[in-house]
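Visitor: Take the sequences, apply the hints, and build the full model.
Here's the letter readout for the chains.
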Amino acid sequence: MGPSLTVEEIRHAFPHGGAQFGPVSGDAWPGRRIGLIGPNGAGKSTLLRLMSGYLKPTGGAIRIDGVPMGRLSAAERARLVAVVPQSLGVQVDLTVEEVVALGRLSHLTWRERVSLAASPRTAAVEAALELTATAPLRRRSFSSLSGGEAQRVLLAMALAQDAPILLLDEPTAHLDPGHARRFLGLVESLAQERGKTVVMAHHDLSTVGLFTDALWLLAGGRLRAAGPSEAVLASPELGAVYGTEFMTVRHPRTGRTMLLYA
Amino acid sequence: MFAASVAVLGVSVLAALLHGPTAIPWVRVLGVLLHPGRGLTSTIVWQIRMPRVMAALLCGGSLAVAGAVMQALLRNPLADPYVIGASAGAGLGATVGQIFFAALDAVAPGAFIGAMAAVFLAFGLARGQGRLRMLTLILSGYAVGVILAAATTFLMLLHQDSLARIFAFEVGGLSGIAWSRLALPGIFMPLAFAIVLPLLPEMDALLLGEEQAFHVGARMRGVEVLLILAASLLTASAVYLGGLIGFVGLVVPHAVRRLVGAGHRRLIPLVFLVGATFLVLADAIAERVPWLGNIPVGLVTAFLGGPYFLYLLSRQGRFSSEVV
Numbered sequence: 001m002g003p004s005l006t007v008e009e010i011r012h013a014f015p016h017g018g019a020q021f022g023p024v025s026g027d028a029w030p031g032r033r034i035g036l037i038g039p040n041g042a043g044k045s046t047l048l049r050l051m052s053g054y055l056k057p058t059g060g061a062i063r064i065d066g067v068p069m070g071r072l073s074a075a076e077r078a079r080l081v082a083v084v085p086q087s088l089g090v091q092v093d094l095t096v097e098e099v100v101a102l103g104r105l106s107h108l109t110w111r112e113r114v115s116l117a118a119s120p121r122t123a124a125v126e127a128a129l130e131l132t133a134t135a136p137l138r139r140r141s142f143s144s145l146s147g148g149e150a151q152r153v154l155l156a157m158a159l160a161q162d163a164p165i166l167l168l169d170e171p172t173a174h175l176d177p178g179h180a181r182r183f184l185g186l187v188e189s190l191a192q193e194r195g196k197t198v199v200m201a202h203h204d205l206s207t208v209g210l211f212t213d214a215l216w217l218l219a220g221g222r223l224r225a226a227g228p229s230e231a232v233l234a235s236p237e238l239g240a241v242y243g244t245e246f247m248t249v250r251h252p253r254t255g256r257t258m259l260l261y262a
Numbered sequence: 001m002f003a004a005s006v007a008v009l010g011v012s013v014l015a016a017l018l019h020g021p022t023a024i025p026w027v028r029v030l031g032v033l034l035h036p037g038r039g040l041t042s043t044i045v046w047q048i049r050m051p052r053v054m055a056a057l058l059c060g061g062s063l064a065v066a067g068a069v070m071q072a073l074l075r076n077p078l079a080d081p082y083v084i085g086a087s088a089g090a091g092l093g094a095t096v097g098q099i100f101f102a103a104l105d106a107v108a109p110g111a112f113i114g115a116m117a118a119v120f121l122a123f124g125l126a127r128g129q130g131r132l133r134m135l136t137l138i139l140s141g142y143a144v145g146v147i148l149a150a151a152t153t154f155l156m157l158l159h160q161d162s163l164a165r166i167f168a169f170e171v172g173g174l175s176g177i178a179w180s181r182l183a184l185p186g187i188f189m190p191l192a193f194a195i196v197l198p199l200l201p202e203m204d205a206l207l208l209g210e211e212q213a214f215h216v217g218a219r220m221r222g223v224e225v226l227l228i229l230a231a232s233l234l235t236a237s238a239v240y241l242g243g244l245i246g247f248v249g250l251v252v253p254h255a256v257r258r259l260v261g262a263g264h265r266r267l268i269p270l271v272f273l274v275g276a277t278f279l280v281l282a283d284a285i286a287e288r289v290p291w292l293g294n295i296p297v298g299l300v301t302a303f304l305g306g307p308y309f310l311y312l313l314s315r316q317g318r319f320s321s322e323v324v
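Protein sequence lines, in the order shown, are assigned to chains A and B. Start counting the first sequence at 1; every next residue gets the next number (my numbering). Start counting the second sequence at 1; every next residue gets the next number (my numbering).
For the record, the hints were derived by calculation from the structure and aren't laboratory data. C-beta: ideal position from N, C-alpha, C; glycine also. Since no wrong hints were added, every one of them can be taken at face value.
Restraint ranges, calculated between C-beta atoms of paired labels, are given here:
(1) B:Phe303 to A:His174: 43 to 53 angstroms
(2) A:Leu116 to B:Leu34: 30 to 40 angstroms
(3) B:Met220 to A:Leu260: 43 to 53 angstroms
Guide: If you want it as structure tokens, here you go:
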């Protein structure tokens with residue numbers, strides 16, 4: 001079984017008297033997908049950045065199997081936690097293969113490091129390209145990819161990292177429904193078949209119940225509700241946080257909960 | 001591509017050796033290259049032409065690599081080896097060397113020390129406390145540069161008899177270099193390359209942006225310090241050899257990136273070879289310009305590099321990556 005991720009009374013104070021985040025507590029387990037929902041500015045990205053170690057908490061701790069995040073070296077951390085961003089926000093003129101190979105950075109041996117071979121074809125890189133169906137794109141420049149392709153390549157990079165914990169920040173925000181569904185189906189199989197611990201910020205409330213096992217509802221930097229997805233989607237907190245009313249329906253085929261405007 | 005570049009560099013070195021103010025038939029040059037002797041031809045080829053060509057090779061390769069490193073580190077396509085204060089520091093160091101330590105022939109050592117000191121001053125100021133921000137580093141390098149350049153100008157005004165020598169240094173030139181000048185760069189340049197080589201994966205990671213580089217496990221802080229150290233050793237060594245030679249460090253990485261992409265494992269070795277070739281050829285031109293004779297190589301690189309850079313920009317229609 002992979003490691004658990006524990007969020008313990010975590011707080012973050014932004015400099016210059018900005019918003020306060022936390023305290024927030026909760027657990028994420030192998031094989032389960034936790035969805036982070038909440039209105040804009042609720043603290044979803046902040047929580048993910050605290051979980052990835054990119055932001056240092058001003059109070060509390062993130063623990064991985066009991067070990068505080070701050071005690072891990074950069075390489076140790078990267079071998080445990082991988083992050084799929086919404087996009088990179090910069091133009092990257094590397095090939096797809098080179099981008100995915102960067103997922104191996106924390107695994108590189110000294111020999112691999114000083115090798116000038118242009119594309120280190122390791123088994124982990126090949127497996128990640130295969131699994132995300134990005135192998136045919138390997139020679140393409142990353143900056144020439146469509147949104148759906150780029151997102152799959154970023155997932156492949158995170159998979160090449162071989163980390164048991166996968167954090168995703170609104171990975172499907174820029175994808176059309178077909179690409180979004182296939183991407184989230186892939187995430188589902190990673191959790192269920194490979195036992196990945198998944199924490200994913202998700203922007204689309206109506207479908208979030210289809211792609212997550214549990215939800216954390218954030219608002220104003222606080223955790224307002226947490227629990228199985230169907231319970232959180234049915235809770236009155238949800239309407240209160242968003243300032244509108246919702247109703248739930250069951251998906252006729254899968255039986256999972258979906259959300260509609262009331 | 002790599003083998004071809006090595007071959008082109010080899011041919012360029014040979015061409016540069018065949019060429020000089022003293023007309024020597026090429027057969028005789030080849031002869032003394034294969035069988036060094038004691039004659040005048042041998043002395044010219046081995047003691048005058050060869051050190052100058054080797055200095056051009058090392059200078060060009062080092063400036064080009066330093067430029068590529070700074071562009072990766074600062075995530076700014078306009079970065080060059082001098083961007084965070086090295087040129088102004090070298091200028092002040094050379095000026096101090098010329099004015100106060102003239103007896104020691106201290107222009108080149110002064111430039112080396114000045115370049116290193118200025119970069120680390122800018123770096124220290126930008127770092128202050130907490131995480132180093134690259135934009136802060138660019139700005140503090142600029143400020144340090146302005147202050148040091150003002151100090152240089154002030155010293156030059158007080159000691160106008162030194163103007164010519166300092167001006168020659170600032171334009172950049174490689175004439176009259178002896179083997180002994182190559183000793184210090186011979187130590188620091190390989191050291192710098194040894195620092196850069198294992199960090200090539202991190203330089204790729206920097207292309208993803210600072211946050212994603214963190215997520216894949218790049219040790220940003222250590223990497224930044226080491227890369228700045230390596231780039232400034234390369235720059236300071238190049239300045240020690242040839243003064244402030246411009247444009248090589250800016251143009252060559254851009255040109256090579258167009259050929260082989262931004263991945264540093266392919267980019268950096270080729271950048272060295274192309275930079276070396278470029279400066280060897282530029283210096284061969286500088287050595288014997290029709291009607292003018294010997295002109296500073298810095299002028300040649302500017303005349304060749306400037307228009308080529310504009311051509312690259314017009315072909316590309318944009319910069320190759322995000323401008324800070």
